[in-house]
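Enquirer: Based on the provided sequences and hints, a complete structural model is requested.
Same order as they appear, the protein sequences are chains A and B. Going by the numbering used here, the first sequence opens with residue 1, and the numbers climb by one from there. Going by the numbering used here, the second sequence opens with residue 1, and the numbers climb by one from there.
Source of the hints: derived by calculation from the structure; they are not laboratory data. Since we're looking at a predicted model, the values are computed, not measured. There is no bait here: all hints are sound.
Taking lysine to aspartate or glutamate and the EDC-like style, the derived pairs with C-alpha atoms no more than 20 Å apart in a straight line are: (1) A:K247 / B:D218; (2) A:K243 / B:D252; (3) A:K50 / A:E108.
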Amino acid sequence: MKILVTVKRVVDYNVKVRVQPDHKAVELNNVKMSINPFCEIAVEEAVRLKEQGVATEIVVVSVGSKACQETLRTALALGADRAIQIEAEDNIDSLAVAKLVAAVAKEETPDLIIMGKQAIDSDNNQTGQMLAALLDIPQATFASEVKIDNGEAQVTREIDGGLQTLAITLPAVVTTDLRLNEPRFIKLPNIMKAKKKPLEVKTPDELGVATSSNITVVSVTPPEERQGGIKVSSVEELVDKLKNEAKVIA
Amino acid sequence: MSILIIAEHDNKTLKAATLNTLSAAEKIGGDIDLLVVGANCQAVADQAANVASVNKVFVADNDVYEHQLAENVSKLVVDLAKNYTHVLAPATTTGKNMLPRVAALLDVAQLSDVVAVVDKNTFVRPIYAGNAIATVTSSDAIKVITIRATGFDAANSEGGNAEIVSLDQVIASEKSRFVGEELAESDRPELTAASVIVSGGRGMGSGDNFKILDGLADKLGAAVGASRAAVDAGYVPNDFQVGQTGKTVAPDLYIAVGISGAIQHLAGMKSSKIIVAINKDEEAPIFQVADYGLVADLFDVVPELEKAL
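Expert: What follows is the structure, given as structure tokens:
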């Protein structure tokens, strides 16, 4: 079984992001970048399926500028077999990314596509679902458990009220939630090995996909800062403040 | 302008998030129709028809739609969507799961988690877990949008008399099958709809200790939530989680107990009207956003607070 995994290069999740003074975008200069945490979980899940003998090959894809090759190398060090960079601007919208990955999927014909449920920069939570729709295949989003059996994926999903389990036929798209697995630490020899694994570069033109968008960002502003309040010294004082000052309890 | 809203429901009750989405649609302006997709869901259609600002209610009531699977529901929505300028759904796990398929099939972009409407083409949405706020404009012929419920007040659920139209289109779900679900049983309000929330963090120490929040929550008619640390430690199930990767809430009163205040937790609750923090570490970041902070051992003051109310 062949698995396709997508990864995105994003601002590291430990970085406190700042908005540019001109309010056009978030400051990305001199900021630490990393693999999107949900994508890292996707790669880990694919590697585990390979270790279990379920999968035979893992192809990892990223859409972005040359810098995303670094992210692809991270995925290769985690255990993916080969990588494809689709050369594009870094901020194209989810539909364009889904079209590009769909074009690659048509060439590679994977049995399973695993993706992060969302990237922690744009927080869109769209690309996996859009890709599944474009390929007319089933999806299981927000996965916390994946079992492959008899040409089917049985996936437990984190939904608002609890957990839901679906059985979907392969090929299919699965998007990862946080509790699906805990990605391994990368060992140094694997970083060395990853440098020798194949990495192919493709362009949107070669794939026959236009990446234009009808969405324009008007402004990006910092959120309203919440002012810290006061410390109270006792439960009695707290109850008094809630009743008489904030008036949120009767 | 004409707007189609995909109703959030459980085949019995129209969920509150639908009413918040309606109020976003009212801000866009124009005729608002509602689509109810489910099985044996006539009661939901009746409730929807009773909402003041609804023009028409479409109902697709068939066993194939019982679990509102994304694959077939998206195709049903696409057929209807072509008659509208805007297609909206609440940004719940159901809406987030299904609506991007609709956008892709319509060959348009989607705007996710919209928290404010500027005009019919321009919308506001948080990015980077709420650490930046983007204003975006769309020139797509059909705007496909998920609405974050906490960004909008609930629309008036009474006084309407909309026409109910049955859709007889049956699209089978051949590639996806529902196997089962484990839903939390609770008499308490849902987290995203509660006006008071009591949340516990790693400081609770164990799942058993979480029970001391129950008495307080019962007194306040509150929902119980948790930080990611408490969920990851296995104290409570995942659906309790408030934060960037869990639920976004904005109640009138949020009481954070034994929660340090990691950025990703704050992203999910900092729009609350009043925040109370109880933590024995006076340096905890949660105090920087709390209106009222109490530096104390939670095991002493939570029972005391319950008694004092």
